[in-house]
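Protein chains: 2
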Amino acid sequence: MREYTPLTITDAVLEQMAETPDARMKEVMEAAVRHLHAFAREVNLTPTEWIKGIEFMTKVGQACTPARQEFILLSDTMGLSALVNIMHDKTKVEEATSASLLGPFFRENTPKFATGAQIAKKPDGAEVVMYGRIANAQGAPIPNAQVTVWQTAADGRYDIQNGIEEIDCRGIFQADDKGNYLLRTVRPLGYFIPLDGPVGQMVMSQKRHGMRPAHIHFLISAPGYRELVTALYLAGDAHLDDDVVFGASADLVAHVKDGDPACPIKGLPSIQFDFNLARESEADRRAGRVGADPAAVTASDGKNTTPYGAPPPEMAAAAVAAAEPKKSGGIFSGLFRSR
Amino acid sequence: MREYTPLTITDAVLEQMAETPDARMKEVMEAAVRHLHAFAREVNLTPTEWIKGIEFMTKVGQACTPARQEFILLSDTMGLSALVNIMHDKTKVEEATSASLLGPFFRENTPKFATGAQIAKKPDGAEVVMYGRIANAQGAPIPNAQVTVWQTAADGRYDIQNGIEEIDCRGIFQADDKGNYLLRTVRPLGYFIPLDGPVGQMVMSQKRHGMRPAHIHFLISAPGYRELVTALYLAGDAHLDDDVVFGASADLVAHVKDGDPACPIKGLPSIQFDFNLARESEADRRAGRVGADPAAVTASDGKNTTPYGAPPPEMAAAAVAAAEPKKSGGIFSGLFRSR
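Order-wise, the sequence lines are chains B and R.
Here the working numbering = 1-based position in the first sequence + 7.
Here the working numbering = 1-based position in the second sequence + 7.
No lab work stands behind these hints: they were computed from the structure.
Among the hints, erroneous ones may be present.
The list treats identical chains as one, so a pair stands whether inside a single copy or across any two.
Only pairs whose alpha carbons sit at most 16 Å apart, straight line, appear in this in silico EDC-like list of lysine to aspartate or glutamate [unchecked claim]:
{"no.": "1", "residue 1": "Lys66", "residue 2": "Glu115"}
{"no.": "2", "residue 1": "Lys33", "residue 2": "Glu173"}
{"no.": "3", "residue 1": "Lys214", "residue 2": "Glu34"}
{"no.": "4", "residue 1": "Lys214", "residue 2": "Glu134"}
{"no.": "5", "residue 1": "Lys97", "residue 2": "Glu287"}
Since the model is a prediction, treat every value here as computed from it, not as a measurement.
Let the sequences and hints guide you as you build the complete structure.
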């Protein structure tokens, strides 16, 4: 009869999983066991720490509702989502706009809007026009691409954080036959990820600021092209380089301009950004997205979908102090509007 | 502004956690991030697989109730619990009885019994006497140690699987002033871990049999000694060497004997087993247990604590076939009683 040591126990687990019929599942689970055990051995995980880990994972799972995906948030804050996203992005068959995180606030239930429409129910003096062109890797326009956008409302919160029935600041547009898209939104705000759950506890106990730079999410699709999941980050934001979920990258930084003569809608600040889509490969059709509508992951069982994610007051105050407007001009920076 | 690669993203995460005030938390979380990322890179985890993982972890969390700890079950079936247990066992300051898993069925709410009492409400013709001595590493008796036992009932299920209000086949005894303990129970049955949840889905999709060998759990404590969390496994069980949670070990195998002249209670089959406790060290007082009462991990919110864990009929049938009584005699083997 076998006796296990801290090393041979790993072999025993792999042996017991050796008959897994699905070759890819076998490969992934074997690697998961090896790395999990290597982690436990490296830190010499104690029973007390192990049970803390069990409690933490349980809390993360129990925090999930159709309106809240705490495991995606955990993956995001540990950089796993960004890593998977980067690896996936490298498999494109052509150069194209970089991907960014879908995040935990995407939802399938998004209204369609006419070209140029405003997605925010209360634009509240912060209107911004967005326009540009959807083209292929060679720069030729792609007609009629579908452009889905979502972002924080004027209070720095996503609609879904206020309850699953709320729908605001998200919309589906169609680019025209020359590939041009046009929409109106509000300046997004840099914001705290939800800090009122177990992942927030983790982030705060690591003394991280817990903020994402201001950004607008995009999901762009057209037949024959790889779906582009990305986001534009506003130039000048204080957290472009230390995004708590590691989503921001230099080629996705967008500038808000006043009086852009090329903007189709006059009299409003505007962002111009062109997107390039890569041709779809066979692999792309199976690749999926790094993120999902929480309702697609956690079925509704009547559980709490009440408002969540308000940051602790002292962290909100610290963020305001850190986001003092930069001298270089009126570019929005940090949590609260600079005007 | 930084651009991440699959390797530099790991550095970025470690950098962002670098100010963690708790040195041990910093060490553990840094290792967790490094190993998690190494895993994702090694298997080149795709977005589709990542979201499957998110969904799986969410289901595991949502399956947890005050009567069911699915994350402990996940840890058990991936061999993490056994690994942590083995590492912890090696830190004993003296040789003593080996530890085994506390498992997901321990509960704090356990009744006290007088010496020699029967813990099963329905012994149902399967009574077994257990007796032996609790001694220190040098073999000197430890007086009045507390001995907690728990095991499956006559139907191969733990009480807690039938609802949180059920209490059966568990009890607390006190050894006498010479270190002798004595109790009556029923022959435990080899059993399926709960296969009706996400962990069961995983185990079945790995074509594992999903069974534990028949065993009796023990938690033995006395002032000045390291708490002993262990279990005795019945000799002859078909799954001693491929326990689905890797808990069985050779030095914890116990034999059921008929007509043992040394047994204090006559006319019943009996198990004799002596336990040795190691002196408690300073570290032991903080070390904790590899396991916990589910109710201590997941607070009651009125959620489902109805019966769980009945195996699929075809797996139950396969287990019966595999557990045909051995020719060597009447020693109990496998899922169902051989008499």
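Each hint, compared with the structure:
1. For a Cα distance limit of 16 Å, the shortest separation of Lys66 from Glu115 qualifies neither inside one copy, at 26 Å, nor across copies, at 20 Å.
2. In this assembly of identical chains, Lys33 and Glu173 lie within 16 Å of each other by CA distance neither inside one copy nor across copies; the values are 41 Å within and 38 Å between.
3. Proximity of Lys214 to Glu34 under the C-alpha cut-off of 16 Å is restricted to the inter-copy arrangement: shortest distance 15 Å between copies versus 36 Å within a copy.
4. Taking the shortest Cα distances, Lys214 and Glu134 never come within 16 Å of each other, neither inside one copy (34 Å) nor across copies (57 Å).
5. Taking the shortest Cα distances, Lys97 and Glu287 sit within 16 Å of each other inside one copy (13 Å), while across copies they are farther apart (54 Å).
Comparing the model with each numbered hint stated earlier shows that hints 1, 2, 4 do not hold.
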